[in-house]
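Colleague: Chain order of the listed sequences is V and Z. Going by the working numbering, the first residue of the first sequence is number -5, and it counts up by one from there. Going by the working numbering, the first residue of the second sequence is number -5, and it counts up by one from there.
A couple of the hints might just be wrong.
Since copy identity is lost for identical chains, a pair holds within one copy or between any two.
[Said to hold, decoys possible] The calculated lysine-lysine pairs, modelled on DSBU-like cross-linking and capped at a C-alpha distance of 35 Å, are:
hint	residue 1	residue 2
1	K459	K93
2	K209	K325
3	K498	K391
4	K119	K499
5	K209	K138
6	K325	K147
7	K459	K138
8	K456	K499
Treat the hints as calculated values from the structure; they're not laboratory data. Just so we're clear, the structure is a prediction, and the values are computed from it rather than from any experiment.
What follows is the residue order along each chain.
Number of protein chains: 2
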Amino acid sequence: MPSAPFVELCQTARDIGTLNSVSSLLNWDQETYMPPAAADHRAEQASMLASLVHERRTNKHVGDLIATCETDKSIVADPSSAAAAAVREFRRDFELATKLPGDLVAELAKVGSQAQEVWKDARQKSDFKLFAPWLEKMIALVRKKADCYGVAKGGERYDALLNEYEPGATAREIETIFTPLRSRLAGFIAEIARSKNKPSDKPLHAKIEADRQHKFGQFVLGAMGFDLKAGRLDVTTHPFCSEMGPSDVRLTTRYRDEKFTDALYGTMHEAGHGLYEQGLPKNGKLDGIPLFGTPLSNSISLGIHESQSRMWENLVGRSRGFWEWALPHAKQILGPALEPFSVDDMYRAVNIVTPSYIRVEADEATYNLHVMLRFQIERALIAGDLEVAAVPSTWNKAFKDFLGLDVPDDRRGCLQDVHWSFGLVGYFPTYTLGNLYAAQFWETIRGQVSDLDQQIARGDFKALKTWLNQNIHAHGKRYRAADLCKMLTGAPLSADPLMRHLEKKLRPIYGI
Amino acid sequence: MPSAPFVELCQTARDIGTLNSVSSLLNWDQETYMPPAAADHRAEQASMLASLVHERRTNKHVGDLIATCETDKSIVADPSSAAAAAVREFRRDFELATKLPGDLVAELAKVGSQAQEVWKDARQKSDFKLFAPWLEKMIALVRKKADCYGVAKGGERYDALLNEYEPGATAREIETIFTPLRSRLAGFIAEIARSKNKPSDKPLHAKIEADRQHKFGQFVLGAMGFDLKAGRLDVTTHPFCSEMGPSDVRLTTRYRDEKFTDALYGTMHEAGHGLYEQGLPKNGKLDGIPLFGTPLSNSISLGIHESQSRMWENLVGRSRGFWEWALPHAKQILGPALEPFSVDDMYRAVNIVTPSYIRVEADEATYNLHVMLRFQIERALIAGDLEVAAVPSTWNKAFKDFLGLDVPDDRRGCLQDVHWSFGLVGYFPTYTLGNLYAAQFWETIRGQVSDLDQQIARGDFKALKTWLNQNIHAHGKRYRAADLCKMLTGAPLSADPLMRHLEKKLRPIYGI
Chain V
-5 MPSAPFVELC QTARDIGTLN SVSSLLNWDQ ETYMPPAAAD HRAEQASMLA SLVHERRTNK
55 HVGDLIATCE TDKSIVADPS SAAAAAVREF RRDFELATKL PGDLVAELAK VGSQAQEVWK
115 DARQKSDFKL FAPWLEKMIA LVRKKADCYG VAKGGERYDA LLNEYEPGAT AREIETIFTP
175 LRSRLAGFIA EIARSKNKPS DKPLHAKIEA DRQHKFGQFV LGAMGFDLKA GRLDVTTHPF
235 CSEMGPSDVR LTTRYRDEKF TDALYGTMHE AGHGLYEQGL PKNGKLDGIP LFGTPLSNSI
295 SLGIHESQSR MWENLVGRSR GFWEWALPHA KQILGPALEP FSVDDMYRAV NIVTPSYIRV
355 EADEATYNLH VMLRFQIERA LIAGDLEVAA VPSTWNKAFK DFLGLDVPDD RRGCLQDVHW
415 SFGLVGYFPT YTLGNLYAAQ FWETIRGQVS DLDQQIARGD FKALKTWLNQ NIHAHGKRYR
475 AADLCKMLTG APLSADPLMR HLEKKLRPIY GI
Chain Z
-5 MPSAPFVELC QTARDIGTLN SVSSLLNWDQ ETYMPPAAAD HRAEQASMLA SLVHERRTNK
55 HVGDLIATCE TDKSIVADPS SAAAAAVREF RRDFELATKL PGDLVAELAK VGSQAQEVWK
115 DARQKSDFKL FAPWLEKMIA LVRKKADCYG VAKGGERYDA LLNEYEPGAT AREIETIFTP
175 LRSRLAGFIA EIARSKNKPS DKPLHAKIEA DRQHKFGQFV LGAMGFDLKA GRLDVTTHPF
235 CSEMGPSDVR LTTRYRDEKF TDALYGTMHE AGHGLYEQGL PKNGKLDGIP LFGTPLSNSI
295 SLGIHESQSR MWENLVGRSR GFWEWALPHA KQILGPALEP FSVDDMYRAV NIVTPSYIRV
355 EADEATYNLH VMLRFQIERA LIAGDLEVAA VPSTWNKAFK DFLGLDVPDD RRGCLQDVHW
415 SFGLVGYFPT YTLGNLYAAQ FWETIRGQVS DLDQQIARGD FKALKTWLNQ NIHAHGKRYR
475 AADLCKMLTG APLSADPLMR HLEKKLRPIY GI
C-alpha cells in the first residue's frame, strides 16, 4: 500500500507530465504544420506552459513530500525497489528545478537565444571572432550553473552539467572509456584509409522522389514494430522524435532526392528513439498508481536513449541481413533507380568509412572521434584549462590528430554545432555513450537471441524489440545507465564491444 | 491612462486567451493529425487545460476587479466606449463562468457525453424511443442551467440559454423576425417547386479528385484575402474554423470526388469565419494594453460569425459574378471534367432550391425553414409546452407545414442533429440569424461599394474584405449584434433583405 505522500508526488508528476506533453505538441506543431506568422504567439504559449510546469516542479510542498518519502522505510529500505528509485529521481528533478536561481535561468535563456543568432551569423561567415565574446559569456554562465548544482567531492564542475543529461555519469569515467577508444579508432580508421578495396557510393545516389521514400520509411517503421496507430511520421528540417502522451510518439524526417539513405537511416534512428518511448510503461501502474509522468515511465538518460536509436540505425540498419531482407522491398517501393544494385553493393555502400569535417554527416566509425574532440574541448573550457580564444587552434590540432585532416575553416571546424551557443555543455559525450551502450547491449542480445542475424535477414524484428522492451524500456528510470549496463551485460561500459563490432564488419568490407 | 484593475483584468483575459489557444491546438490536432490511440490522453490534456481556464475565469479576485471597474467613472461614464464595453463583457463572462454550480457543469458534461453515444445509436436505428429518456434528462439539465443563469423580467428561460451564443438576443425578438420570414419563404419555395424551368445539377457532379479540389480551394482562399501565412487548410471529417492565436487561424474541409462544390462552398464558408478571426484586432492595443484575449478582440456572437461565413459562401460564392471570374480558373485547376459547362450552367446549378430532409445538405433558401422548425421545438421544450415524447410527431407535422414533405423516419427527422444530445439549446437560431445579418449587411455594402458586382466578377475581393474588416471585425465584441446591425445598416434586423436577395436571384433562374 503506497503512502499518501508518495501517491501525491506521483499525482504531481502526472500533472507535470501532462503539461509537458502539451508543450511537446506545441513544439511538434511548430516544426511541422504551424503557419509561419504564428511563431510569436507560439513562444507565448510555450512560455506559459513552461512556467506552469516550473511552478509545479519547484513547489515547496513537493520538497516536503520528497523529504517525507526519503525517511519512509517502507519505500527506501530496499534502495533498488521501484518506489525507492522513483523517490531518488523525484529528488534529482527537484534539485535540478530548484537549485538554479530564477535570474540565472532567465539569463541563460536570454544569452542563449542571442548567442544562437550570433552563432548562425558567425558560422555562415566562418568568423570565430564574432562568436567568441558570446561563447565566453555562455561558458561563464554555464560554470555558474554547475556551481549552483554543486560539485561533488573529488569530482569536477563538468560532472554537474553532465548530470542533466546522463544522471550519475562523471567526466573521469567517460575519459577512462574514451581514451582507449580514441587511439584504437584512430588507428583502425587510418588502416581503412589505406585500403585498396573501397566500396562504391553509387547505390547511395540513386535518385528517388520523396513520396516513395516516405512510403518506404513507413514500411520499415511497420516492420520494426513502431506502432503507427500510436505515432506518426512527418517531415521537418531537423528530424526528431517527440513523445506527447502515453500513446502518442511522433517521428520526423527529411527527404533528399539525391541520397535516399539519409532519410532511411534518419527514420530508423528516430524510430529507435520512438520504440523506446513506446516501450516505456506510460500506461502502466505501480500498486495501482498510474506511472505516466513519474520517473518509472521516463527514459534513463540521453546516452541510453541514443543507444536505442543507434542500435536500429547502425547495428540493424547497416547489417548485411537488413539489406538481404530490405532490398527486394526497396526495389519495389523505391522504384527502378535501385534495380542495378545487389545486396552486397548496398551493404558495402552504407558502410563507407572516411574522415570528413562535419559531425552530423560522419559515418559510424569516425563519428565518435568528432564527439571525443568536443568532449575534450568543452571539459577544458569548464575546468578553466582552455581559453575561448584558443578554441579554434585547439580544435584544428586535435582534428588533425584524431582524423588526420586539416580543418579548412571554422565553419567546418569549431563553429559547426549549435550546442554551445545555447549552453548545452555535457551533452556531446552522450552521443558516443549511446554508440558504446548499443554495441555492448548488442553482444548480450546476440548471446540470448541465438538466430538474431537470420531473423533480421527475414525482416523479423520481434525478438529484438521484445528484448529491448523487457530489459531496457520496461524499467523506466529505475536503474542508472551504468548499473543497467552491468546488470544486463555483466560488465561495466567499455570500448571493446564497439571496436569488436566495427572491426568484424569493416575488415572484410575493406579487405584489411 | 487605464486604471490598474482594468489593466489586470486584461492581463487575466490574455492568460485565459493563451490557454484557450492551446486548447484549440489540442482540438485541431485531434481532428487532423493525432494518432488514434492518443485519444484518451488527449482528453486528459484538454481537461487539464479546461480546469486551468476555469480557475482563472472564476477567480474571486476577477469578480472584485470587475466590480471596481464598474464603479470607475473614467471607464463607464461613456457606456459606448471600448473600455466600458470590455467591462460589460468581462462581467458577462464572469457570470457565465460562476453562475453554474460545479456539479451541474460536471453533470451536463457527463450526461452530454453519454447522451451523444445513445443518440448515435438511436439515429442509426432511427429509433427515437431509445433517445427519448436521454433527451428528457438533458432538457431538464438545460432548464436548470437556464435557471442558474437567471431569467430576466418579462423574458423566458430560453433567453438565458440563447445568451451563451447570441448575447443580448431574446426568443421573442427572434420570433418577430422568423414568423414573417417563414411564411414568405414557404410560399416562395412552393412557387419554385412549381417552376418548369429547373436548373440541371450536372455541373455539380463532375468527378474531380481531392488533390485538384485542394489546390482550387487554396486558390480561392488566396483570392478572398485569407492569409495563408497566418493560417492553413487541412482535411477533417467535420469541417471547422479554429483560431489558436493572433496569427494562427486554421480551416478544415473535406473532399468528395463526386460533388466538388461541397468542398468549395465548405471552404469558402470556413474562410468567411477565418477572415473574421484574422480581421479581429488580436494584435491590437487599447491605450497600450494588448487586446488579445479581451472581449475587444473576440467575436460578437455566433450569429455575426455565421453572417461572415454565409456571406462568402452564398452572397459571394453563389453569385453569377463569382462564376464569371472563377470558372476559367476552375477549368484550369480542376481539370477537363468542367470543360462542358458555361458560367450560366454553374450559376444555375449552385442555386438549385429544393426541399429535402437533412439540414446540413439544404440549399440557401430551404435551410432557414429547417432552422426555424428546430427553434420552435426547442423553445417549446424549454418552456415546458412540449413533451419530449411528442417531439417526433410535432417535428413531422411542422416539416410538412414548412417544407411540404412527409418525413419518412426519425433518422431523417428529429434525430438528424447532434446538438440537443449534448445540451446545445439556443444554438440553432444563430444559423438563420447569420443568413439574415449577411443579407442585411450585403445591401449596405452594395450601397457603399458601388461596383461590387464587377469587382467580384474580376476576382477582386479587396474592397469587400476591407469593408468587413473596418465595419465589423475591427470592433471585436464592442457592440452587441443588434446594435451593430442598426449602426451599420440604419435598421433593426429584418427578414426583408434576405427575401429580397433570394427573390432577386432565384426568380430569373427559375423563370418565376
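Colleague: A separate judgement is required for each hint: does it hold in the structure or not?
Modeller: Each hint tested on the structure:
In this assembly of identical chains, K459 and K93 lie within 35 Å of each other by CA distance neither inside one copy nor across copies; the values are 38 Å within and 54 Å between. In the homo-oligomer, the alpha carbons of K209 and K325 lie at most 35 Å apart both inside one protomer (12 Å) and across protomers (32 Å), since each shortest distance falls under that limit. Within a single copy, K498 and K391 get their C-alpha atoms as close as 30 Å, which meets the 35 Å cut-off; across copies the closest is 84 Å, which misses it. In this assembly of identical chains, the alpha carbons of K119 and K499 never lie at most 35 Å apart, being 40 Å within a copy and 64 Å across copies at closest.
Taking CA atoms no more than 35 Å apart as the test, K209 paired with K138 passes in neither setting, with 48 Å inside one copy and 54 Å between copies. In this homomeric assembly, K325 and K147 never come within 35 Å of each other (Cα to Cα): the closest approach is 58 Å inside a single copy and 77 Å across copies. Taking the shortest Cα distances, K459 and K138 never come within 35 Å of each other, neither inside one copy (42 Å) nor across copies (55 Å). Taking the shortest alpha-carbon separations for K456 and K499, only the intra-copy value of 23 Å comes in at or below 35 Å, while the best inter-copy value is 66 Å.
Violated hints, in rising order: 1, 4, 5, 6, 7; the structure is consistent with all others.
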